[in-house]
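Below, each chain spelled out in residue letters.
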Amino acid sequence: MSIITNINKAFDHRIRLGIMSVLMVNEYVDFNMLKELLGATDGNIASHTKALEKVDYIKVEKQFIGRKPNTRYSTTTLGREAFKKHIEALEKLINKP
Amino acid sequence: MESKDYLKDISEIKNMMNKSSRFISLSGLSGILAGIYALMGGAIAYWLVTTSVRGYLILDGKIFKICLLILFLVAFLSILTGIILTTKKAKKHGEKIWDITSRRLVFNFLIPLISGGLYILIILIKGKYGQTGALMLIFYGLALVNASKYSIGDIRYLGFVEITLGLIATIFPGYGFWLWVIGFGLMHIIYGTWMHFKYDRKQ
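Same order as they appear, the protein sequences are chains L and G. With the first sequence counted from 1, adding 457 to any position gets you this note's numbering. With the second sequence counted from 1, adding 376 to any position gets you this note's numbering.
Quick caveat, the hints were computed from the structure, so don't treat them as lab data. Because the structure is a prediction, the values reported are computed rather than measured. Think of the CB as a built atom: it goes at the ideal place given N, C-alpha and C, for glycine as much as any other residue. Treat the hints with care, since some could be wrong.
Said to hold, decoys possible - Beta-carbon label-pair distances, calculated as ranges:
| # | chain 1 | residue 1 | chain 2 | residue 2 | range |
| --- | --- | --- | --- | --- | --- |
| 1 | L | 523 | G | 554 | 46 to 56 Å |
| 2 | G | 381 | L | 507 | 23 to 33 Å |
| 3 | G | 422 | L | 492 | 45 to 55 Å |
| 4 | G | 463 | L | 523 | 19 to 29 Å |
| 5 | L | 489 | G | 547 | 45 to 55 Å |
| 6 | G | 491 | L | 508 | 41 to 51 Å |
| 7 | L | 512 | G | 387 | 23 to 33 Å |
| 8 | G | 490 | L | 512 | 39 to 49 Å |
Take the sequences, apply the hints, and build the full model.
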């Protein structure tokens with residue numbers, strides 16, 4: 458049953474899974490790009506990134522580009538490891554006869 | 377959750393990773409057309425040189441300048457066609473043409489290409505032109521290999537072929553022109569056709 462325990466509750470949602478997937482292959486991604494890629498609303502992205510930030514899986518940086526505020530996200534080492542474990546657990550579950 | 381959902385999760389992860397890091401709307405058709413432009417350009421240049429008084433190319437002649445002009449025209453038309461057809465394809469897929477992924481692709485494609493282009497221009501100015509065809513093939517191949525990390529991975533194979541042709545042209549400079557025609561003309565048509573049937577036709 459140890460496989461089941463590796464399924465991470467923090468990634469148990471399509472948007473959070475999407476956010477992590479995008480951040481795994483990009484150095485950083487800003488709010489609008491996440492919104493565009495995942496086809497979600499502002500509030501949706503905001504609440505799910507907050508949830509991931511809370512467990513220290515992603516890092517949030519707020520900055521200004523010119524006068525426009527810009528929020529960009531990147532993964533933490535903890536987040537990367539957790540996500541890798543999550544994918545491994547998913548694969549094991551799928552391959553289980 | 378059932379395993380069917382887990383499978384969906386995995387494919388969603390893959391999809392998101394690809395979509396956010398690679399620009400995949402490149403049009404195969406534009407490759408075919410670029411190849412045709414190169415073949416036409418090559419044919420005109422060949423005809424000009426062989427029917428000239430000398431029968432071969434010298435660096436400060438008028439024909440050389442016309443050949444350079446043809447070269448730029450082929451490059452310009454190819455890029456223009458590529459942009460138009462790729463924009464059309466991206467629109468059809470509901471993808472943005474100028475986003476992070478396409479910017480990254482263009483940037484990484486241009487680094488080897490511009491370095492090579494400047495190098496070739498400099499040695500042309502210094503009067504050395506024997507290796508021009510080989511250098512164009514090699515630098516273009518390197519640009520493709522570099523760009524393949526940010527687009528359809530298959531572009532890499534075209535890059536390898538161009539580099540190989542370039543190295544062969546370095547060994548046999550006399551065949552530089554013909555290898556250029558194969559690399560920029562024939563290979564583009566073959567590769568574009570392959571991509572067209574592999575990616576464009578399916579959707």
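Checked hints:
{"no.": "1", "hint": "L:523 to G:554: 46 to 56 Å", "result": "52 Å, holds"}
{"no.": "2", "hint": "G:381 to L:507: 23 to 33 Å", "result": "25 Å, holds"}
{"no.": "3", "hint": "G:422 to L:492: 45 to 55 Å", "result": "53 Å, holds"}
{"no.": "4", "hint": "G:463 to L:523: 19 to 29 Å", "result": "27 Å, holds"}
{"no.": "5", "hint": "L:489 to G:547: 45 to 55 Å", "result": "51 Å, holds"}
{"no.": "6", "hint": "G:491 to L:508: 41 to 51 Å", "result": "45 Å, holds"}
{"no.": "7", "hint": "L:512 to G:387: 23 to 33 Å", "result": "25 Å, holds"}
{"no.": "8", "hint": "G:490 to L:512: 39 to 49 Å", "result": "44 Å, holds"}
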